[in-house]
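> The primary structure of each chain is shown beneath.
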Amino acid sequence: MNKFAKRTHLYEFHRKNAKMVEFAGFDMPLWFKGTIPEHMAVRTRVGLFDITHMGRAVISGVKSEAFLNYVITNDVSVLAPLSAQYSVMCTESGGIIDDFIVSRLEPEKFLIVYNAANREKDFKWLAQHARAFGARVEDVSDSVAMFAVQGPMALQTLEKIAGAGVARIERFKCGWIKIGDVDAFVSRTGYTGEDGFEVFVWNSPVMEPVKAVQAWNAILKAGEEFGLEPCGLSARDSLRLEAGMCLYGNDIDESVSPLEAGLGFVVKLKKESFIGKAALEKLKAEGVKRKRVGLRMVEKGLSPRPKQEVWKDNVKAGVVTSGLFSPLLQVGVAQAYLGVEHAVEGSTVEVRLRDKGLKAEVCKFPLYDSTKYGYARVK
Amino acid sequence: MKYQDYEIPDELLYSREHEWVRLEGKEAVVGITDYAQKQLHEVVYVEVKGEGSGVVQNETMGTVESVKSVSDVFSPVTGKIMKVNKELGDSPELLNQEPYGKGWLARVSLADFKKDKGRLLTAEQYAQYLETIEE
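Protein chains in written order, with the numbering used here: chain B, 453 to 831; chain D, 158 to 292.
This is chain B alone, in the form it adopts within the complex (with noise of 0.2 Å):
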């Protein structure tokens, strides 16, 4: 491990429970019981991550509304104060600096949360256009605890701390909440496909954990009772395969522009202008070529993996961009993308592993039955 690692306020529990990894310069917890059981946790019931390791910015200023419809291609004009929504930058030629989640915190005020690889990138390319709007942008990430609590029973968990009124906060929606003596900005976001709410301990830098400790043993004991397990990265990502949301570096990347990834639901092309507007036009003009797609091996066996090639009657017809074993559907899953005329749902493809070519169906997300698992289920 990288001695100049960062670390986060939940540290010394991470290191005394959890496999420990590095990721994105920070040491932060694989799996506590293992990926599996963590990942079933948060399916059907409740589980809790430590996601200090994100990047936060606060966007302030009289122009920070018109700044941030500048630089990002979703409209942030529609967000009432105390409501979030997912968003992505691009360069001028389309592709994908990063994604993220948008909350209005007040009328002239918004939140962004992105990747921990983009920290500097982020930060730089934000710091940098808004100088022409007048807007400030300031890093928070060092001084910000952040965790979710993911699952069907996050809503009870945090209701046995904070009481009924957290319920009255709807998903994509934010609020403030007292856990313990602790004042907790909460939003109901998340990267897992189920309901639940990412919790933020504001002025908590990792020099002074105790409120943040304080924060998630709250958590952990409110919990107990439905279940809920720590969760470390490792659960995150097969939890967000399995929803179809992508992951910068892996499903996403500089060459790839939100149209061929599946996100043209982020890009307002009615917007005045903003960053990369003339190239997506373009593209959605032109049409895509390649779009991102599920993939489900239709046998047990050999799991997808990440560049592994996807090829259809002998054509190449695409690539794997993150594959694994799936916990809850217990067959290799996948994100790829396909050439537009092989991304057909329902179609079979190959997915060529090592020597072999296993056969793969494509799908829509999520990947699993959405009546069943994920936020929008059928209780």
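No wet-lab data here; the hints were simulated from the structure.
For glycine and all other residues, C-beta sits at the position ideal for the given N, C-alpha and C.
Among the hints, erroneous ones may be present.
Not everything, but these chain B residues come out facing chain D in the computed CB check (under 7 Å) [unchecked claim]:
no., residue
1, Ser686
2, Ser690
3, Ser755
4, Leu776
5, Phe777
We have chain B already, so just place chain D on it with the hints.
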């Protein structure tokens, strides 16, 4: 014997790639060590070359997968696979539960064990080897 949490039965021989060998006459039963299964964690799929296939010491004889990772299994001996553990098809978790027992991988008829032996470690040597890699 034991090194930290890792079981290392005295009567077996070991490879530096974390496979074990149990000599039974002119054949050997092979598998992965307790250390290896703890590193892999949660094995979800095991694939071993078919019965009748030749294997060469330190060359790939199969694959072990966990949710997120893929690892090659290197044969600790040279010879021919007589039998593979078919139970692993439905129950790959046996590798985690009983790495030296029901989680065995294959039975190999040995070609030249004297030669293989030169590159294998005793339990004591394997424990020392783990110490060097587990700093």
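> So, against the hints stated earlier in the document, which numbers end up violated here?
none
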